[in-house]
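As you go down the protein sequences, you meet chains A and B in turn.
Using this note's numbering, read the first sequence as starting at 1 and increasing by one per residue.
Using this note's numbering, read the second sequence as starting at 1 and increasing by one per residue.
Be careful, since some hints might not be right.
[Claimed, not checked] Straight-line C-alpha distance at most 16 Å; calculated EDC-like pairs for lysine to aspartate or glutamate:
1. K89/B with E9/A
2. K69/A with E9/A
3. K228/A with D105/B
4. K157/B with E9/A
5. K218/B with D204/B
If you're looking for bench data, these hints aren't it; they were derived computationally from the structure.
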Amino acid sequence: MRRSNIVKENLTAWVFLLPSLIFLVMFTLYPILSTFISSFYKSDLSTIEPIFIGFDNYTIMMKDEVFRKAFINNVWFTIGTVPTSVCLGLLLAILVNRTFVGKALSRVFFFYPVVIPMVAVSFIWLFFYTPDYGMINSILKLIGFEELNLLGNSDTALLSIIMMVIWKEAGFFMIFYLAALQNIPKDLIEAARMDGASKWRQFRSVIFPLLMPTTLFSTIIATTNAFKTVDQLVVMTQGGPNNASNLLLYYIYENTFRFMDYGRAATVTVIVLMIMVSIAAIQFFTTDKKIHYS
Amino acid sequence: MNRLISISTYILALLWALPFLGIVYMAFKDASEQGYSLTFRNFIDAWNAAPFGQYYLNTIIIVIAILCVQLITITLAAYAFARMNFVAKGFTFMLILIQIMIPSDVLIFPNSNTIAQLGIYDTKLAITIPYFISAFGIFLLRQTFKGIPYELEEAAKMEGCNRLQIIRNVYIPLAKPTYLAFGLISVSTQWSNFLWPLIITDSDENRPLTVGLSMFAKASDSGAQWGIVCAGTLFIIFPLLLAFLLFQKQFVSSFMQSGIK
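Construct all of the structure, not just a fragment, from the sequences and the given hints.
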């Protein structure tokens, strides 16, 4: 009786899990495995059957100018977007965590970019940046400056995209900080004030340390985003000019659908997967799970 | 001092609003007239220039299909993880969490191969199928289910309910806020999804709004058409913004829970 109950419970549980597991295997687990395997084969339009070439894809890729460019760009993109949007999120949270006229509206303005699709954001900013008609250039012209082609210039293309991403993401981190700020016990700050701590000192010694989990966690999310979102490149620059704004995932996209170099696409995917796993490992070892996963 | 902070807040808020106000301004601007005169023509022109009606329908079908399947898969899996004992439970849960660690966005290369092998390229099934499971949803719902008193399940059992009936009568009603939060996240994420449907579709019959807009904008790539492109962009944004303004609180709290996504 007891034994048959255990068997029955096992069976039911696996039936319940089956639908999830099927799709998990099809679109997460098997693809990860197959990508690893493909990365050891030469497979492009000139090879009829994939040929096993060991680590050649990796060594060739390391020497490839465009890959290196995309990799370095992605590092700069991460450095450019992560600390700034997280800090800005904190600043915005502090600004709107007071009572003042227009508080609700300010919060809406800071948060709405989070809700809008990246593609729409890209079109909005494309219009912002575009020469001749764009808003920025109209303003520049108005005050007597020369026109700038921000997205068409290899010195400014990546930076322009970084600015846009900061604008889109800061509000997301704002809401986390806002919740964290509201959870700080009032008497702690009161005690610091009684001890004669200045506003800045209160922030540095009491508030900021208490926000540490939020900061870590926001940093992790922002870093992941920096490697997994490239919608804006499709719309705005196509990685150009001259690969100045190319990022790793966009490079995978190009290799898969434009150059049909599947060995390369697989190899770069493996690199991105390894980055994702490292981010997850950092999160695992640094975040105190009690705080965020309640 | 307080006044100074308020003023800088206003300036920042205005700066944040500016891009949106800019495209609203352009979308309603009559390009054929000097100066500024208000017109709806851009919206009408955009609507007629591309099958936006079809794109809307596609997006709605895709978003609803994904949500419906997800609700079933995550409910069953979350219940199993929360309340059942079975062989390799911990290991299976770890496998599911891999999906949180490695989002399918980065697996476009292998997943597009899978779609080709299945022979379903350029179908709505191809757009939706990778999202039929959500590790984030399972994780979220499992936490909620665990918080529901076990006595309620036992009481239902005494009344002769089987597992599925227990889930339906006890767990689902009590987890409504979690379902709402998950639903908002799922719908807004899928409404915004772009790269995957771009890769996997090749006809207006299947393209969602995001991909449709990018095709349309590419075709009308000149300055004079900016009003129309802005109008088209507003087509995508409008439903999301409206939902956000109506359900602000729910949106913010769901996005907070999406942190673990």
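Evaluation of the provided hints:
Distance restraint check for K89/B and E9/A: the Cα-Cα separation of roughly 12 Å lies within the 16 Å cut-off, and the hinted pair is therefore satisfied. Only pairs whose Cα atoms come within 16 Å are accepted, and K69/A paired with E9/A is rejected, the gap being roughly 54 Å. Proximity of K228/A to D105/B is assessed by CA-CA distance (about 6 Å); at most 16 Å being required, the pair is judged to hold. Our distance criterion of 16 Å between C-alpha atoms is met by K157/B and E9/A, whose separation comes to about 14 Å.
Simply put, K218/B and D204/B have alpha-carbon atoms about 15 Å apart, close enough for the 16 Å limit, and the pair holds.
The structure fails to meet hint 2 from the earlier list, while all remaining hints are met.
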